[in-house]
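Asker: Here are the chains, one letter per residue:
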Amino acid sequence: MTDATITTAPELISAAPELPDLLPPVKLRGGIIGFMRRHPAIAIGGALVLAMVLIAAFAPYLGTVDPTALAPTRRTREPSAAFWFGTDMLGRDIYSRVLYGARVSLTVGFSVGLLASLAGLVIGLISGFVRWSDGIIMRVMDGMMSIPPILLAIALMALTRGSVGNVITAITIAEIPRVSRLVRSVVLSLREQPYVDAAIAAGTRTPMIILRHILPNTVAPMTVQATYVCASAMIVEAILSFIGAGTPPTIPSWGNIMAEGRALWQVKPYIVFFPAVFLSLTVLAVNLLGDGLRDALDPRLAKRL
Amino acid sequence: MLSYIIRRILATVPVMVVVALFVFSLLYIAPGDPAAIIAGDQATPDDVARIRMSLGLDRPFLIRFGEWLWQILHGDLGTSIFTNLPVATLIAQRAEPTLSLMAVTLILAVCVAVPIGVVAAWKADTLIDRAIMAFAVFGFSVPVFVVGYLLAYVFALELDWLPVQGYTQLSEGPWPWLQNLILPALALGCVYIALIARITRASMLEVLQQDYIRTARAKGVGQTGILFVHALKNAAVPIVTVIGIGVALLIGGAVVTETVFAIPGIGRLTVDAILRRDYPVIQGVVLMFSFLYVLVNLVIDLLYTVLDPRIRY
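Line by line, the protein sequences give chains A and B. Be aware that the first sequence starts at 3, since it is given in the working numbering, and climbs by one per residue. Be aware that the second sequence starts at 202, since it is given in the working numbering, and climbs by one per residue.
Hint data in this document are derived by calculation from the structure and do not stem from the laboratory. A virtual CB, placed ideally from N, CA and C, is assigned to each residue, including glycine. There could be a bad hint or two in this list.
If you want the footprint, here are the derived chain B segments under chain A, 3+ residues with CB under 8 angstroms [said to hold, decoys possible]:
#	region
1	284–293
2	329–342
3	354–366
4	447–458
5	477–491
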């Protein structure tokens with residue numbers, strides 16, 4: 003072993019015999035079309051969500067009028083060329099109200115998805131790393147999870163004044179336990195990984211371990227979870243507004259429009275119909291995006307569900 | 202076995218205490234003065250003071266919590282601010298429609314969801330499977346009141362097969378009772394069916410790959426026998442678990458379904474209480490439903506040992 007010739011990697015590779023072409027290389031089609039082929043759910047869901055965001059952002063420029071303008075002379079008009087979605091019993095234009103309503107739903111959905119993820123991440127990390135706190139935190143989370151989320155949100159809303167901010171807070175509190183449990187389970191399984199052991203043995207401080215080894219691994223499951231939280235938050239917001247415990251009636255939101263159409267739904271079903279379609283489509287889009295992300299980011303989980 | 206059951210029952214006590222503590226502290230963690238908010242904008246300072254007294258907000262937190270817990274243990278859920286009736290009485294009066302709706306939905310959902318989940322697993326990756334899973338995504342996405350209005354419009358208004366709204370007591374005969382519950386149960390069951398069907402499919406897919414399924418097939422057991430006797434029995438634990446977890450969806454959805462179909466149940470009571478800002482009623486309903494939910498999941502936990510004898514404690 004004294005005069006071992008030093009071979010470099012490129013030499014070894016060039017010296018290796020040619021492998022037979024048993025499997026032709028997988029050609030992945032690039033570009034947008036290739037992406038859509040591989041992840042149709044992400045493409046369709048993402049496109050629909052994007053469309054909704056654009057509608058919400060550009061609501062004033064899409065042929066809408068003031069969504070709160072009353073016009074008693076033209077109450078409950080059927081959908082027509084002048085009023086695409088008809089008018090409600092106060093003469094307000096439903097097309098304008100529905101388009102502006104997208105703002106409330108998307109704001110609530112995205113805010114709750116983001117805030118619940120952040121809060122859940124912090125609680126889950128504490129629970130996973132500060133072992134003595136785990137028992138207490140998880141008992142509290144168990145208790146919170148035993149309260150059906152809609153009821154918890156209703157109770158919180160009954161104690162505060164109706165506003166979009168309070169709706170977001172109430173739904174966020176109801177969603178936190180689920181996210182924290184997910185983060186905790188990810189943290190606990192990562193702590194058993196050899197590379198985390200190695201990092202600990204090498205003397206890496208806990209904050210650095212969290213930053214370098216734990217956080218990057220929570221991104222994928224948390225993103226997927228956040229889309230589901232977002233979808234569920236939009237449904238809960240609509241339900242709260244529908245039963246009169248959500249967004250104040252002065253703000254056009256899909257739940258509010260439906261609540262106002264409730265008394266008349268047998269004779270004027272279109273008042274309920276249009277916000278219902280928009281709400282369902284938006285939630286469907288977010289759920290599709292979530293399913294697509296889950297399949298793309300975590301194929302193991304995708305097989306099980 | 203018996204010791205496990207006793208331990209499991211005892212383990213729900215801390216959960217229930219946490220639930221009670223959490224529901225109780227909502228009054229204290231809410232921003233602003235809850236008494237002023239409950240009293241409403243037109244209230245006089247006297248009204249606010251009276252409500253603060255009746256909610257016990259003028260006394261220390263822990264003492265008040267102790268008293269409140271003691272009352273609950275004696276079946277006293279407080280008194281409604283609006284009607285001055287005990288909350289427990291109000292809930293008991295409205296319990297039948299809600300429990301009927303939930304029971305019918307539960308039975309309907311399990312009877313529909315488990316078979317379609319099994320078929321989806323059996324026909325995995327075929328058109329039938331895709332269709333069932335697509336339905337499941339829709340079921341998750343279309344809110345319960347949208348399904349409710351759609352069903353009521355098609356089957357009650359247009360086709361006139363079933364009553365549009367209302368509720369008939371069970372004492373007036375099982376058919377009139379059921380007739381009024383079919384549409385609400387379908388609407389409420391939609392999410393639940395989607396959830397159970399998805400888990401049934403996933404759980405069945407796993408079981409169908411096991412060796413004993415191949416053995417059963419080799420010895421000539423028919424397809425139905427394999428699916429529903431050999432496989433489903435072993436796939437049952439996750440399915441039953443999700444049925445229990447999904448009861449939370451049923452409870453939340455019942456409030457909305459009752460509003461759509463004008464069913465005079467606990468959901469209606471809650472919605473009326475929201476409009477009148479009658480917080481003790483809301484608190485009582487939340488507490489009662491949460492305990493119900495914990496109990497359902499306790500029963501399901503205990504069922505595990507029956508369903509899967511391999512689980513020993």
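Asker: Next step is simple, just say for each hint if it's right about the structure.
Answerer: Against the structure, the hints come out as follows:
no.	hint	result
1	284–293	violated (count 0)
2	329–342	holds (count 4)
3	354–366	holds (count 3)
4	447–458	holds (count 7)
5	477–491	holds (count 8)
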